[in-house]
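Undergrad: Residue numbers (numbering that gives the first Met the number 0), protein chains in the order written: chain D, 0 to 335; chain P, 0 to 73; chain G, 0 to 360.
Rather than coming from a laboratory, the hints here were simulated on the basis of the structure. Don't take every hint at face value.
Stated by the list, open to error - FRET-style restraints, in silico, Cβ to Cβ:
#: 1; chain 1: G; residue 1: 254; chain 2: P; residue 2: 13; range: 22 to 28 Å
#: 2; chain 1: P; residue 1: 9; chain 2: D; residue 2: 20; range: 49 to 55 Å
#: 3; chain 1: G; residue 1: 330; chain 2: D; residue 2: 136; range: 42 to 48 Å
#: 4; chain 1: P; residue 1: 11; chain 2: G; residue 2: 239; range: 45 to 51 Å
#: 5; chain 1: G; residue 1: 301; chain 2: P; residue 2: 13; range: 37 to 43 Å
Given the structure is predicted, the values throughout are model-derived calculations rather than measurements. The beta carbon of each residue, even a glycine, is placed where N, CA and C say it ideally should be.
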Amino acid sequence: MSSIITLAHGSGGKLTHNLIKNIFQKHLKNELLLEAGDSAVFGVDKGNLAFTTDSYVISPVFFRGGNIGKLAVCGTVNDLAVCGATPKYLSCGFIIEEGLKISDLEKIVEAMAKTAIESGVSIVTGDTKVVQKGCADKLFINTSGIGYIPSGVKYTTAGIKQGDKVIITGTMGDHGTAILLDREKIDVESSIVSDCATLNKMLNDVTKKFGSAIRIMRDPTRGGVATTLNELVSDNRFSIKLYEESLPIKNEVKGICEILGFDPLYMANEGKALIIVDSSKVDSVLIELREHNVGKEAEVIGEVIKSPVGKVYINTIVGGTRIIDMLVGDQLPRIC
Amino acid sequence: MCLAIPGEVLSIQKEKALVNIMGVKKEISTVLVEEVQIGDYLVVHAGCAISKIDKIEALETIEIFKGIEDLNHE
Amino acid sequence: MNNIQHMFKDKYLVDNLVKKIQAYEGKVVNIMEVCGTHTMSISRFGIRSILPKTIRLISGPGCPVCVTPSYYVKSAIELAQMKDTIITTFGDMMRIPYKGNSLLHEKALGRDIRIVYSPLDNIQIAQDNPDKKVIFLSVGFETTTPIIALSVIEAVEKRIDNYMLLTANKTMPQVMNLLSSDKEISIDGYIYPGHVSVIIGTELYDKIADKYSITGAIAGFEPVDILGAIYNIISNVNHKSMKVNNTYSRVVSSEGNMIAKAKIEEVFEHCDAIWRGIGCVSKSGLRLKDKYVKLDAWKAFRISENEQDYDPKGCRCGDILKGKCLPYECSLYGKLCTPENPVGSCMVSSEGTCSAYYKYI
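One chain only, chain D, in its complex shape (with noise of 0.2 Å):
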């Protein structure tokens, strides 16, 4: 086999047939994804699908603590797992630059297969394309997910009352100040590593356990927790307050954004979760989470206010008060 991908890997023929065969079903098996059919065929159990996607164009496709392919996996795993959802079966779109080496590819895919197995779902569908030079960012993935949800079961904005309590499942800004390290290559020394993880089993448990208690979850990505959080807020039905001294961020995630003027609330996370509770039920929501290894430092962060509507306010270490706004674009290092 040759070394890296090439355009003629994506042409349908010998070539593509061998690298899905050695690349793909090697690592990904199972019976579905082995019957190589046009699509995937499955039962449905009673209640609600579930059904996500989103494409991944992560640059450095490797980072600290993770690659693409664990993030693809992890991110439709916990859009389907924050719905109420236990995720069962994704597919792959894979858009690959030629001149990948395939090594790194099978790197890939492995880290997919490993994730795909931790969280018990079933890679079972997939497709390959070659593009020219320059046309891809090395590799692209997108990934659907499908998964269950049980009768009764349904997070929207309209179940949050004034009073719930706003959790977060962890440490907040680990993934996008990793990314930020090895994107911009800033010249420090850091164990900062992705947060990028799987939280279906922690979050189905908590789905069965609480029932109503819980009004809506969500994974707060690209944008960060404030983002996430300002989306919520933007029916303008009720606002949310953080307290800044119960926010858990990492002192390395804090230096780091020190030093280049970043704010820890816009930073991506892909291993956390937002949960909006029951202000009754909130400490038993806390146990259970902590009892995961993915949860173990959730905290409570804020709660839900009813007027002014429709932002996001937090309550500085000063005893003041500001407002939390959605960022128009991308944050900029700043020396000021």
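We have chain D; now place chains P and G onto it with these hints.
TA: What follows is chains P and G alone, placed relative to chain D:
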């Protein structure tokens, strides 16, 4: 106009130092500050130390603020 | 965590200072801060939201990006559009609009524009790209200028001939005198910029106190620093004292950083400078000395520095920078001028007054 942060000096070379900023280690220039020693705290701006931090002065400032009076007290 | 930093965030001290300030019952005190990082810290800690109505915090021209004239952005864009140039800049400049364009926009079109964290990063970029002209957007006050000077000295020592500066560096003393003597602005006390003071020392502030009877406090950037400075100023005003408190004495000495001052002196000389919204302030700018003319992008590319400044109609950034009006007194604020669609630099720069106000309740 002057985003700067304190860093603790871990090691020194000619005109450079490795500093610890909240657990993150960064190499910075020490050209603008004299006689930098391991254990010093430096104010770091744009990759460069601009001053040492005097711990005794810091403690004195804190003491002053501990003993402040009412503003309406004449 | 750094123990010293921790001390200046101490909850007991902060609560005590807040309580004392909130209990103030005297006359109105107008306090102006002249440092973009103070504008940001005041906003970040929500300090305005805890002040009594009688303590008015005004943001002055302390954001070097906000006071950079629009022709500078135009020139930077033109340089970026040229063949074989690499524009390097601090992140703050990227979104500044000029007639619907910006460096961020030009970057999206494929121009080689790179954000640097330190001016010293330029050396490696110049060495790695010998066929390109690396032009650094040299914007900043006295905190940053010595480090920019170091990059120039290093480039010359290493015989790097493809590194240049497009200078718009400014100094504080002249504009401080201008503000202090302006009868339309009523300032009782200044919060003086902590890190500029590290470089220049404290003599200027004593002179301002003497000449204009305006008190002040030099402040760092932690909650105790800023609240402490506000407390000191209110106390001084009440006692009719023209004292200047150095509440940042752990890093600021009266003579400043002599090495840094010498580096500035070695590389730069004073010149007149246009401050956006204020106009020409005599001898408040810095340009490269003749010795370093080969690094001067203004001269190398023959760009005129004195083109008529473009200020969008209705934009009151100038008055806002001088503390003559508050953001919501500008007819564009919140309507035509928002963070998503900024008209003037006070809104687009993250440390501009209008941008900071947008986050207040």
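Undergrad: If a hint holds in the structure, say so; if it does not, say that too.
TA: Consistency of the hints with the structure:
no., hint, in the structure
1, G/254 x P/13: 22 to 28 Å, "26 Å, holds"
2, P/9 x D/20: 49 to 55 Å, "52 Å, holds"
3, G/330 x D/136: 42 to 48 Å, "44 Å, holds"
4, P/11 x G/239: 45 to 51 Å, "48 Å, holds"
5, G/301 x P/13: 37 to 43 Å, "40 Å, holds"
Consistency note: the structure conflicts with none of the earlier hints.
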